[in-house]
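Each protein sequence line maps, in turn, to chains A and B. Position one of the first sequence corresponds to residue 1 (this note's numbering), numbered consecutively onward. Position one of the second sequence corresponds to residue 1 (this note's numbering), numbered consecutively onward.
Treat the hints as calculated values from the structure; they're not laboratory data. Heads up, some of the hints might be wrong.
Label pairs and their computed distance ranges (CB to CB) [claimed, not checked]:
1) B:G83 with A:G16: 40 to 50 Å
2) B:I20 with A:G77: 36 to 46 Å
3) A:Q17 with B:Q14: 45 to 55 Å
4) A:A56 with B:D17: 36 to 46 Å
Even for Gly, the Cβ is constructed at its ideal location relative to N, Cα and C.
Here is what each chain is made of, one letter per residue.
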Amino acid sequence: NAGVTQTPKFRVLKTGQSMTLLCAQDMNHEYMYWYRQDPGMGLRLIHYSVGEGTTAKGEVPDGYNVSRLKKQNFLLGLESAAPSQTSVYFCASSFLAGRSFQETQYFGPGTRLLVL
Amino acid sequence: GESVGLHLPTLSVQEGDNSIINCAYSNSASDYFIWYKQESGKGPQFIIDIRSNMDKRQGQRVTVLLNKTVKHLSLQIAATQPGDSAVYFCAENIYNQGGKLIFGQGTELSVKP
Chain A
1 NAGVTQTPKF RVLKTGQSMT LLCAQDMNHE YMYWYRQDPG MGLRLIHYSV GEGTTAKGEV
61 PDGYNVSRLK KQNFLLGLES AAPSQTSVYF CASSFLAGRS FQETQYFGPG TRLLVL
Chain B
1 GESVGLHLPT LSVQEGDNSI INCAYSNSAS DYFIWYKQES GKGPQFIIDI RSNMDKRQGQ
61 RVTVLLNKTV KHLSLQIAAT QPGDSAVYFC AENIYNQGGK LIFGQGTELS VKP
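I would like the entire structure built from these sequences, with the hints used as guidance.
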């Protein structure tokens with residue numbers, strides 16, 4: 001199993017450009033999450049999904065959109081990138097809402113995004 | 001409001017010593033807590049978890065203690081090794097909110113040889 005994979009690994013954007021980050025998991029997990037991590041801070045939840053076709057806002061959703069058309073994929077979109085969106089983005093997945101080791105969140109390797 | 005924080009941003013220990021990383025939480029409704037390890041350039045990696053109906057849980061070289069009275073949990077690493085050098089995050093899981101995790105700021109553990 002590859003676990004949670006993310007593409008691309010690194011990207012540089014100009015202000016106003018758009019892009020989509022792809023997250024894929026092969027563990028048949030129901031729940032998927034997108035976080036951003038900024039220097040000196042913990043991870044902050046952007047959006048999450050509790051199942052195929054459903055999405056919900058997290059702590060910092062503004063400027064981002066998501067889609068979960070397939071159970072194994074969770075896409076994060078930036079329609080008009082801003083320098084404030086420079087960050088490292090992590091995707092995670094879990095079988096169910098975390099209640100035990102078997103349901104905890106597993107993270108991908110991250111995508112580093114630089115917006116100039 | 002909801003918050004999970006760590007008492008110390010950095011911790012430096014000698015190889016072979018025991019390490020203790022602390023974490024405070026404020027949401028009394030939280031009933032599940034997780035410790036993650038994040039190495040440079042990588043995603044967080046699960047270490048150990050504990051439910052609120054437990055006070056202590058042990059893994060391989062790691063122990064998590066939970067004190068619900070003062071809303072505090074700690075991660076103890078026995079015989080710390082250079083490979084343990086990383087940033088450690090505690091996370092609070094809110095079951096009735098889609099399994100969302102609230103992370104603390106993290107503690108950077110540095111192991112001196």
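Verification of the hints:
Between G83 of chain B and G16 of chain A, the C-beta spacing of about 43 Å keeps the proposed range 40 to 50 Å intact. Evaluation of the 36 to 46 Å hint for I20 of chain B and G77 of chain A yields a pass: the beta carbon distance comes to about 42 Å. Distance hint check: the CB atoms of Q17 of chain A and Q14 of chain B are about 48 Å apart, consistent with the given range 45 to 55 Å. For A56 of chain A and D17 of chain B, the hinted distance range of 36 to 46 Å is satisfied, since their beta carbons lie about 43 Å from each other.
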